[in-house]
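Protein chains: 2
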Amino acid sequence: MAHKVELISVGTELLLGSIVNTDAQMLSQGLTALGLNVYWHTVVGDNPQRLGEALEIAKKRADIIITTGGLGPTCDDLTKHVVCQTFGKKLVTDAESEQRIRSYFSKTNRPMTENNLQQALLPEGCTVFTNDWGSAPGCAFEADGIHVLMLPGPPSECTPMFQYRAVPYLHSLSEGVIVSHTLKLFGIGESAVEAQLREQMNTMSNPTLAPYAKEGECELRITAKAGTEPEAQRLLTPVLEQLTGQFGALVYGVDVPSLNWVVLQKLKAAHLTLGTAESCTGGLIAKLITDLPGASQAFKGGIVSYTNEVKANVLGVPTSLLEQYGAVSAPVAQAMAEGVRRVLGCDIALSSTGVAGPDRDDRGNEVGTIFVAIATPDGCHVRPLSLGNRPVRERLRTHTALHALDLLRRYLSNLSYE
Amino acid sequence: MAHKVELISVGTELLLGSIVNTDAQMLSQGLTALGLNVYWHTVVGDNPQRLGEALEIAKKRADIIITTGGLGPTCDDLTKHVVCQTFGKKLVTDAESEQRIRSYFSKTNRPMTENNLQQALLPEGCTVFTNDWGSAPGCAFEADGIHVLMLPGPPSECTPMFQYRAVPYLHSLSEGVIVSHTLKLFGIGESAVEAQLREQMNTMSNPTLAPYAKEGECELRITAKAGTEPEAQRLLTPVLEQLTGQFGALVYGVDVPSLNWVVLQKLKAAHLTLGTAESCTGGLIAKLITDLPGASQAFKGGIVSYTNEVKANVLGVPTSLLEQYGAVSAPVAQAMAEGVRRVLGCDIALSSTGVAGPDRDDRGNEVGTIFVAIATPDGCHVRPLSLGNRPVRERLRTHTALHALDLLRRYLSNLSYE
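Chain order of the listed sequences is A and B.
For what it's worth, the working numbering labels the leading residue of the first sequence as 1, then goes sequentially.
For what it's worth, the working numbering labels the leading residue of the second sequence as 1001, then goes sequentially.
Just so you know, these hints were derived from the structure itself, not from any lab.
Do not take every clue at face value.
[Claimed, not checked] Straight-line Cα separation of at most 20 Å, DMTMM-like style, residue types lysine to aspartate or glutamate; simulated pairs:
1) K214/A <-> E194/A
2) K1268/B <-> D359/A
3) K1107/B <-> E1124/B
4) K214/A <-> E394/A
5) K107/A <-> E53/A
6) K214/A <-> D1046/B
7) K4/A <-> E1366/B
8) K4/A <-> D1046/B
9) K89/A <-> D144/A
10) K59/A <-> E1056/B
11) K1004/B <-> E13/A
12) K107/A <-> E1366/B
13) K1225/B <-> E13/A
14) K1214/B <-> D76/A
15) K1214/B <-> E194/A
16) K1060/B <-> E53/A
17) K1004/B <-> D255/A
18) K1059/B <-> E56/A
19) K59/A <-> E1053/B
20) K1214/B <-> D132/A
The structure displayed is predicted, hence computed values, not measured ones.
Put together the whole structure using the sequences plus the hints.
This is how it looks when you write it as structure tokens:
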């Protein structure tokens, strides 16, 4: 029997529009990947009566119900109580969860108010989903032929708890498998990918192809459905090879988490060190590299030179260059990368300089006029960018940082820079 | 009578998790601002039976139903048909809409396939919402005492059509307004806020109080409902004053966007310049400041000193300190802040050093052992942190950066540091 899943998100903040329901998207993606059919999302506020009614409706039409939210310590956190009422379960204190909550507070030297212990109340006989990312545990149980899972609302807790606790629980309920591979591309947009693949996409049914636009990047997901994982992989392999050939140097990885992850692995494998000199990205390139555990094995440091004074005094950019070409120029981008490579004594350096907006710079350069550069033992390369069509400051800075990382990826993979 | 609104989003792509339901958030915000109560969001796929059942449920509990999606020209666009079936309405071609669709295609020099004219079919006698942002019109009608509004799914069409077509239609149905103010707090958790306010929250009905946990912060929203905006403000003012007094220095602003925004405004107002020296935050503090337009008026730059070598050679941290206390120590945090203040020649400097994980450092410091420091013309202050309960690297770094910004906020506001 094909399972029917309903997601019930509990939280008045969703109904007020204070937050967007990213949990529902994350869960829908994950459940679809498990071969489970999500047929309904329902959102109700922190209101016991309406939550109870929503659960009664879900009971009649779904056989897997997943709630998010309402597991916290405050009095509007009512999900467990209403779920237990609906399914005739008793709430009991789970000793291990209580212990975890107490130690969570003592470790952080914070006084624990009594209401926090509410979080250790769980349906009798349930499977406990321990929470390594916050304080409220989740859980799962089966009653009346229906599987009910309760997950916390904050995405920083809901996402890992789904991945590491709920997916193993749900695995036994899914029939057949859906396997996906994702090609990660940098330097081509979603619509260009789709234009190149339109005919192929229309004629394929298993595997299927779907391009997704990501910030500054494009993902191409290839998904196959089969009885077993090896069968699905046999369907995927030839398509994956064909597409990797077709997109060539634009593909920065398959099933890899991100461009910064790829370049850090390559840096570590090559035993090379990195430094950064950032103007318009203001620390974002360094932040993206140091987001990753183990960054210290390759990353020496960075200099955010937001003023010309810092560019000259700390990075040693010649004042003559700054005067002749202005801070937003290819020669200055190159001098910044070479300067930080020298100052920090690293093998490779990346730099950025440009106009992030909202206004033109004092030389009349348009918003989005940007230069990124790389300095290596083999020389320097500058890539000029025109990102004026991405008028939001944050997007423009993200795209710039990714372009700098793309120069590094291409250097480390022996690919041409452009 | 208080209206009860249900949003029904139609689209299999929502159930697959391909897109997030931003329409629901946008509509919820807009409807709340009109004083209408949104009690349910429901999402169903492009499936006539399940959409029909969802409409039957909504008919019983809501008196305003707003659908999004399923108005386009393709065969899975079925919202109008199912809605008309449910409410006993006839679909007829709207001549003006047909004309608009034909001219939309001729204006953009695209051939119009016949299926596009489906979009001109509308419920007999409805109020047409003309679409100036795409091709599919929306509409509204009243039947069985229920107002039904249908809006297109793409956010670029749904948002303006709601704003310019649906809001005027709904205005006549709303009574009164809802006005909110938000206190932003740093240094206290959601459950501690609620513990302090529980009694007050339980006894208040208008305005109402609700705490929300944000990454590293807490928000306290005070919401009043009244006939007019000035009346709502009169209800809010005394509560706002009382709470601001009660939470004192923990409140970093009211209705302000973020902590980094607040400190940048204060820096600019005081004509002071800032620099950063970051180890474990790896550029994040600089990134948060330079996220904001106009950061260059106050921010000179930063140094990401990820290795001891960079701490010593670029920031001038004495090697003796590094050897005696280790890089993760209060004396080194202080020397980093003082060093970058000297090297960049700025008025104020912030620094961070600590163990971001996943492993202990080589001196055996636990993950989450962190020091942030501020150096000013009036001296230096170090705040030690134990953030071991936030084992996700990203959260730990975010909390650390916010603590550094909090030191700066307190200095600029003449508050004590702790």
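To see whether the hints hold, each was checked on the structure:
As the CA atoms of K214/A and E194/A are separated by approximately 14 Å, the hinted pair is consistent with the 20 Å bound. Of the supplied pair hints, the one linking K1268/B and D359/A holds, its CA atoms being roughly 18 Å apart against a limit of 20 Å. Our distance criterion of 20 Å between C-alpha atoms is broken by K1107/B and E1124/B, whose separation comes to about 28 Å. Distance check on the hinted pair: K214/A and E394/A sit about 14 Å apart at the alpha-carbon level, within 20 Å; holds.
A threshold of 20 Å between alpha carbons decides the hint, and for K107/A with E53/A the separation of about 40 Å lies outside it, so the pair is violated. Restraint check for K214/A and D1046/B: not satisfied, since their Cα atoms lie roughly 25 Å apart, outside the 20 Å limit. The straight-line distance between the Cα atoms of K4/A and E1366/B is roughly 45 Å, outside the 20 Å bound, and the hint therefore fails. At roughly 15 Å between alpha-carbon atoms, K4/A and D1046/B fall within 20 Å of each other, so this suggested pair holds.
Under the criterion of a C-alpha separation no larger than 20 Å, the hint pairing K89/A with D144/A is consistent with the structure, at around 11 Å. Between K59/A and E1056/B the alpha-carbon distance is near 17 Å, which keeps this suggested pair within the 20 Å criterion. Proximity of K1004/B to E13/A is assessed by CA-CA distance (about 16 Å); at most 20 Å being required, the pair is judged to hold. For the proposed pair K107/A and E1366/B, the alpha carbon gap of about 11 Å is at most 20 Å, so the pair holds.
Proximity of K1225/B to E13/A is assessed by CA-CA distance (about 16 Å); at most 20 Å being required, the pair is judged to hold. The hinted pair formed by K1214/B and D76/A meets the criterion: a straight-line CA distance of about 17 Å does not exceed 20 Å. The hinted pair formed by K1214/B and E194/A fails the criterion: a straight-line CA distance of about 37 Å is larger than 20 Å. Annotation: proposed proximity of K1060/B to E53/A holds, straight-line Cα distance about 12 Å (limit 20 Å).
Proximity of K1004/B to D255/A is assessed by CA-CA distance (about 45 Å); at most 20 Å being required, the pair is judged violated. Distance hint between K1059/B and E56/A is fulfilled; the C-alpha atoms sit about 17 Å from each other, no more than 20 Å. As the CA atoms of K59/A and E1053/B are separated by approximately 14 Å, the hinted pair is consistent with the 20 Å bound. Distance hint between K1214/B and D132/A is fulfilled; the C-alpha atoms sit about 18 Å from each other, no more than 20 Å.
Checked against the numbered hints above, the structure violates hints 3, 5, 6, 7, 15, 17; every other hint is satisfied.
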